[in-house]
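Protein chains: 2
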Amino acid sequence: MARFFGKWYCITDLRFWLLVIILFNDAEQVNAVWPMPQRISQSTQQYTLNPQAFLFQYSNGSVVQPGCSVLDTAFKRYFAIIFPDVTGEGRNSYHIWFEPAAFTVFVDVKKDECDGYPDENSAENYKLSISAGQAVLSSETVWGALRGLESLSQLVYQDDYGAYFINKTEIEDFPRFPFRGLLLDTSRHYLPVQAILKTLDAMAYSKFNVFHWHIVDDPSFPYQSRTFPDLSNKGAFHPLTHIYTQTDVRRVIAHARLRGIRVVPEFDSPGHTQSWGKGQHDLLTPCYKGDVPSGMYGPVNPILDSSYKFMAQLYKEVALVFPDSYVHLGGDEVSFTCWKSNPNVRAFMAKMGFGSDYTKLESFYMENIMNMTAALNKTSIVWQDVFDYHERIPQDTVLEIWKGTPPKYREELSRITKAGHRVLLSAPWYLNHISYGQDWQNAYLVAPRNFSGTEAQKKLVIGGEVCMWGEYVDATNLTPRLWPRACAAAERLWSDEEQTSSVAQAYPRLQEFRCKLLRRGIQAEPLFVGHCKHEYQGA
Amino acid sequence: MARFFGKWYCITDLRFWLLVIILFNDAEQVNAVWPMPQRISQSTQQYTLNPQAFLFQYSNGSVVQPGCSVLDTAFKRYFAIIFPDVTGEGRNSYHIWFEPAAFTVFVDVKKDECDGYPDENSAENYKLSISAGQAVLSSETVWGALRGLESLSQLVYQDDYGAYFINKTEIEDFPRFPFRGLLLDTSRHYLPVQAILKTLDAMAYSKFNVFHWHIVDDPSFPYQSRTFPDLSNKGAFHPLTHIYTQTDVRRVIAHARLRGIRVVPEFDSPGHTQSWGKGQHDLLTPCYKGDVPSGMYGPVNPILDSSYKFMAQLYKEVALVFPDSYVHLGGDEVSFTCWKSNPNVRAFMAKMGFGSDYTKLESFYMENIMNMTAALNKTSIVWQDVFDYHERIPQDTVLEIWKGTPPKYREELSRITKAGHRVLLSAPWYLNHISYGQDWQNAYLVAPRNFSGTEAQKKLVIGGEVCMWGEYVDATNLTPRLWPRACAAAERLWSDEEQTSSVAQAYPRLQEFRCKLLRRGIQAEPLFVGHCKHEYQGA
Numbered sequence: 001m002a003r004f005f006g007k008w009y010c011i012t013d014l015r016f017w018l019l020v021i022i023l024f025n026d027a028e029q030v031n032a033v034w035p036m037p038q039r040i041s042q043s044t045q046q047y048t049l050n051p052q053a054f055l056f057q058y059s060n061g062s063v064v065q066p067g068c069s070v071l072d073t074a075f076k077r078y079f080a081i082i083f084p085d086v087t088g089e090g091r092n093s094y095h096i097w098f099e100p101a102a103f104t105v106f107v108d109v110k111k112d113e114c115d116g117y118p119d120e121n122s123a124e125n126y127k128l129s130i131s132a133g134q135a136v137l138s139s140e141t142v143w144g145a146l147r148g149l150e151s152l153s154q155l156v157y158q159d160d161y162g163a164y165f166i167n168k169t170e171i172e173d174f175p176r177f178p179f180r181g182l183l184l185d186t187s188r189h190y191l192p193v194q195a196i197l198k199t200l201d202a203m204a205y206s207k208f209n210v211f212h213w214h215i216v217d218d219p220s221f222p223y224q225s226r227t228f229p230d231l232s233n234k235g236a237f238h239p240l241t242h243i244y245t246q247t248d249v250r251r252v253i254a255h256a257r258l259r260g261i262r263v264v265p266e267f268d269s270p271g272h273t274q275s276w277g278k279g280q281h282d283l284l285t286p287c288y289k290g291d292v293p294s295g296m297y298g299p300v301n302p303i304l305d306s307s308y309k310f311m312a313q314l315y316k317e318v319a320l321v322f323p324d325s326y327v328h329l330g331g332d333e334v335s336f337t338c339w340k341s342n343p344n345v346r347a348f349m350a351k352m353g354f355g356s357d358y359t360k361l362e363s364f365y366m367e368n369i370m371n372m373t374a375a376l377n378k379t380s381i382v383w384q385d386v387f388d389y390h391e392r393i394p395q396d397t398v399l400e401i402w403k404g405t406p407p408k409y410r411e412e413l414s415r416i417t418k419a420g421h422r423v424l425l426s427a428p429w430y431l432n433h434i435s436y437g438q439d440w441q442n443a444y445l446v447a448p449r450n451f452s453g454t455e456a457q458k459k460l461v462i463g464g465e466v467c468m469w470g471e472y473v474d475a476t477n478l479t480p481r482l483w484p485r486a487c488a489a490a491e492r493l494w495s496d497e498e499q500t501s502s503v504a505q506a507y508p509r510l511q512e513f514r515c516k517l518l519r520r521g522i523q524a525e526p527l528f529v530g531h532c533k534h535e536y537q538g539a
Numbered sequence: 001m002a003r004f005f006g007k008w009y010c011i012t013d014l015r016f017w018l019l020v021i022i023l024f025n026d027a028e029q030v031n032a033v034w035p036m037p038q039r040i041s042q043s044t045q046q047y048t049l050n051p052q053a054f055l056f057q058y059s060n061g062s063v064v065q066p067g068c069s070v071l072d073t074a075f076k077r078y079f080a081i082i083f084p085d086v087t088g089e090g091r092n093s094y095h096i097w098f099e100p101a102a103f104t105v106f107v108d109v110k111k112d113e114c115d116g117y118p119d120e121n122s123a124e125n126y127k128l129s130i131s132a133g134q135a136v137l138s139s140e141t142v143w144g145a146l147r148g149l150e151s152l153s154q155l156v157y158q159d160d161y162g163a164y165f166i167n168k169t170e171i172e173d174f175p176r177f178p179f180r181g182l183l184l185d186t187s188r189h190y191l192p193v194q195a196i197l198k199t200l201d202a203m204a205y206s207k208f209n210v211f212h213w214h215i216v217d218d219p220s221f222p223y224q225s226r227t228f229p230d231l232s233n234k235g236a237f238h239p240l241t242h243i244y245t246q247t248d249v250r251r252v253i254a255h256a257r258l259r260g261i262r263v264v265p266e267f268d269s270p271g272h273t274q275s276w277g278k279g280q281h282d283l284l285t286p287c288y289k290g291d292v293p294s295g296m297y298g299p300v301n302p303i304l305d306s307s308y309k310f311m312a313q314l315y316k317e318v319a320l321v322f323p324d325s326y327v328h329l330g331g332d333e334v335s336f337t338c339w340k341s342n343p344n345v346r347a348f349m350a351k352m353g354f355g356s357d358y359t360k361l362e363s364f365y366m367e368n369i370m371n372m373t374a375a376l377n378k379t380s381i382v383w384q385d386v387f388d389y390h391e392r393i394p395q396d397t398v399l400e401i402w403k404g405t406p407p408k409y410r411e412e413l414s415r416i417t418k419a420g421h422r423v424l425l426s427a428p429w430y431l432n433h434i435s436y437g438q439d440w441q442n443a444y445l446v447a448p449r450n451f452s453g454t455e456a457q458k459k460l461v462i463g464g465e466v467c468m469w470g471e472y473v474d475a476t477n478l479t480p481r482l483w484p485r486a487c488a489a490a491e492r493l494w495s496d497e498e499q500t501s502s503v504a505q506a507y508p509r510l511q512e513f514r515c516k517l518l519r520r521g522i523q524a525e526p527l528f529v530g531h532c533k534h535e536y537q538g539a
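The listed protein sequences correspond, in order, to chains R and W.
Under full-length UniProt numbering, the first residue of the first sequence carries the number 1, and numbering increases by one thereafter.
Under full-length UniProt numbering, the first residue of the second sequence carries the number 1, and numbering increases by one thereafter.
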């Protein structure tokens, strides 16, 4: 594998940095951080780390102290990541609080959110200063501290004899976009909880901070609802083995929280609901063939009060189960064929004065749903389709752009931000789509704010999402299809665009990061010919 | 997942089959065999199997008896495959030879090749007759018995309560093509031995019978040679961790043998040899820039006696290490740029009267190499390029066709078989190439004998190969990229073409077979939306 020898990405004054390269050897390589920090200065001054004398410690002045669940568990986790060869007793050496340590990571956090959840306003900025015998990591929140620990862990490297090193380094870092999401689709194929947890681990390594759980769709309804158990009893691929119980969901949310990741569930309607109809009588629109029902069903029936009552109850449960203040309502790809075929729907259209414009009926439905979630104090995300039939969308609704190639989605970015809505970009990051060769480069070269609009409009782009739709993906191929391709989007969403505009410069760094992912047990596929010191052994 | 209810593929007389469907339930599904046997008759008559009272037994009349390494180990292996829920003691129940058994598989083999290797002439035909209390599996060779055991294992199924069943079935089966290969490339990425062994397992499930080991190439030389240890010491990605020792190679060959799989090594020259040059001085052609060496190297230097001496010694070792009577010599993609630049090569061309036709030089080289392997009593396989510069190719050389799309490779099939050479088809089966969607269908619809030529020419197509080149593939993504896509080629190479011409009919059978692969621990990716009863759990 191409080896990456440190480059000086130095924004701050370099005068205080003394560069002395005494001997050139493997151990002197300066390691990179992925995604690239906003400001990083690295020196070739190298410190040896001894796992037996390495500890994480809360600074005296830190508001957060031992007992903080997010950081206590992160210290354990990162100790194992930083020292992958250390097993058993060694792994607990960070517990030896009172012994003198050769290297101490002092962690200083200003706000106590230890028992909370990360949210849209969570600050993720941090500073990391590594010098002889210590690292100082300071951040406003525990979420920022997590990002700093991740960077720290990537700076540690081993020589051919297994010794651990870190170089003198200064980092000042913050994300470019507050919303850096990854969508998994657990309806077209069921993903075992273990596969979701593993994905959350890899997300944390790339500093993603939102897990968009596209939990149900046409093919199956694996969410085990407390209010409507028949939805999964009858709509899941299997009512016992292919479902997410309340315990499973809690486990996913807890795992994500400890990694500073939000969980935004999507219950997509009125389309994409075929599986819902199996467990909920009269929810879907009966399609007609001529004057008689055909036996087929279409989208949620938008003319019945019972549909809205059901949706309100379902969303009430969802709002309780998923703590995040956002919820994704879907609203995409609604086919009008079935609605048009149904005489009752046609009568309703006439009564409402919608004429033959079924987008008005769709808007009517979505408006009702958005009012429900607003009443639950949730911010709604919807797919761009909901804007495209543009009727009364609450201003704080976030639109997710998923259609088209660059010129097309840029126009959509212009239009939606002009209307004052916040947007998420996912169109160029449909990573379920594959092609032969290095297609990570396309994902890398996306410029989310490159569209015609004012500065105010550009600021309405709050981030983007990698989507991994499940038509051809399940736990067998999820990880190599996602990683390291998703890392390209991760850097675009976190790092400064000008500093990370070159695919050629990114390549060796991404190669190296991919090897780190392997070392951490993530089955990330290769970018091109080459090798990692520690190859994936599972088969 | 779409469930497959048995179809009657009945070539033999059906009069003796009594079909009584008393009750329709899950356990009555009739299971399919992949690849489709030449003749299979299945009844809905169902027998319960009890793992505690199930045994494999050599027939009294069988030439092969206990102590036969190939079948003794196969009985163990298939017991575990047939009864995946049985662990511990249960797994040994086939040892209870003298107790009355409720179901006995009598195995009758006519030739004792228990300690030999499968070869190009090995008969793989078998007959399998399943009736009340017994199965009778008869075959000419142990290799045929292995194929029959595989089919038997696929006929067993479980109901929702975990009980095991098999239906009354008659199979008469044989392969359409004797050479059904799969290529792995261990040079562009190193594949741990475990990944190779796992691939051999999956190959056996699909009745592939040749592992084409493209073991070395430009990027690395992982084969640890006894004669020339510097080849891997200096040419491997890492001289200790990224090599195949002699023990590793023996392990692969032994694992393959027990599954009736030949191992054909490829040491590709004169091109694709950059890594060889690191450990073998003066082997490669020095390239020139004007009048001086540029420091770059080209293909093997074809004008030096030392090159041929080296190749002869290397192939002598290869002939000893790899027992198969075939060896692949490569001969593809030789660039003439470096040869042309070298004044000594140009002088040699003049001396030999080759003019400026470098294909003559290439032929000269290949002819020498083919003579070496002929002297070692090995049959040579070479890539089609060697035919394309058509000089004196020994008649028994097998040409492998790898270039072009259907019309193009069909012309090549015509040309090469017209010249009387045997051919292998791999052009349509480069499964390292990927695209979004169900691309297994392309691999399935290949018709290897659909080209213009006589019947005699068609018979010269001895089979084909799935190729998994390593530019973008290593152990992280090998298995889901290969399986179940390679199964499509496997059925094309084994089964009757007319019986297996429909993608629509193949789809549910392949879905079911893919679920069986998952159950056997093969990380085979999904074909499309759906689920398996037992999903892949690793992540």
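Please note that the accuracy of each hint is not assured.
As the list makes no split between identical chains, a pair holds if one copy fits it or if it spans any two.
Stated by the list, open to error - Heads up, simulated DSS-like pairs for lysine-lysine below, C-alpha to C-alpha not over 25 Å straight-line:
#1 Lys459 x Lys289
#2 Lys168 x Lys533
#3 Lys408 x Lys110
#4 Lys234 x Lys533
#5 Lys459 x Lys340
#6 Lys110 x Lys458
#7 Lys403 x Lys351
#8 Lys76 x Lys316
#9 Lys278 x Lys168
#10 Lys278 x Lys533
#11 Lys403 x Lys309
#12 Lys168 x Lys360
Quick caveat, the hints were computed from the structure, so don't treat them as lab data.
Going through the hints against the structure:
1. Proximity of Lys459 and Lys289 under a CA criterion of 25 Å is satisfied in neither setting, with 49 Å inside one chain copy and 55 Å between copies.
2. Taking CA atoms no more than 25 Å apart as the test, Lys168 paired with Lys533 passes inside one copy only; the shortest distance there is 24 Å, against 53 Å between copies.
3. For a Cα distance limit of 25 Å, the shortest separation of Lys408 from Lys110 qualifies neither inside one copy, at 43 Å, nor across copies, at 69 Å.
4. Taking CA atoms no more than 25 Å apart as the test, Lys234 paired with Lys533 passes between copies only; the shortest distance there is 16 Å, against 48 Å inside one copy.
5. In the homo-oligomer, the alpha carbons of Lys459 and Lys340 never lie at most 25 Å apart, since the shortest distance is 40 Å inside one protomer and 59 Å across protomers.
6. In the homo-oligomer, the alpha carbons of Lys110 and Lys458 never lie at most 25 Å apart, since the shortest distance is 30 Å inside one protomer and 78 Å across protomers.
7. Taking identical chains as interchangeable, the C-alpha atoms of Lys403 and Lys351 are never at most 25 Å apart, the minima being 33 Å within one chain and 65 Å between chains.
8. Proximity of Lys76 to Lys316 under the C-alpha cut-off of 25 Å is found in neither arrangement, the shortest distances being 36 Å within a copy and 55 Å between copies.
9. Taking the shortest alpha-carbon separations for Lys278 and Lys168, neither the intra-copy value of 60 Å nor the inter-copy value of 36 Å comes in at or below 25 Å.
10. When the C-alpha separation of Lys278 and Lys533 is checked against a cutoff of 25 Å, the pair qualifies only between copies, where the shortest distance is 20 Å, while the shortest distance within a copy is 51 Å.
11. Neither within a single protomer nor between protomers do Lys403 and Lys309 lie at most 25 Å apart by alpha-carbon distance, with minima of 31 Å and 62 Å respectively.
12. For the homomeric pair Lys168 and Lys360, neither the shortest alpha-carbon distance inside one copy (61 Å) nor that between copies (60 Å) is at most 25 Å.
Of the numbered hints stated above, those contradicted by the structure are hints 1, 3, 5, 6, 7, 8, 9, 11, 12, listed in ascending order.
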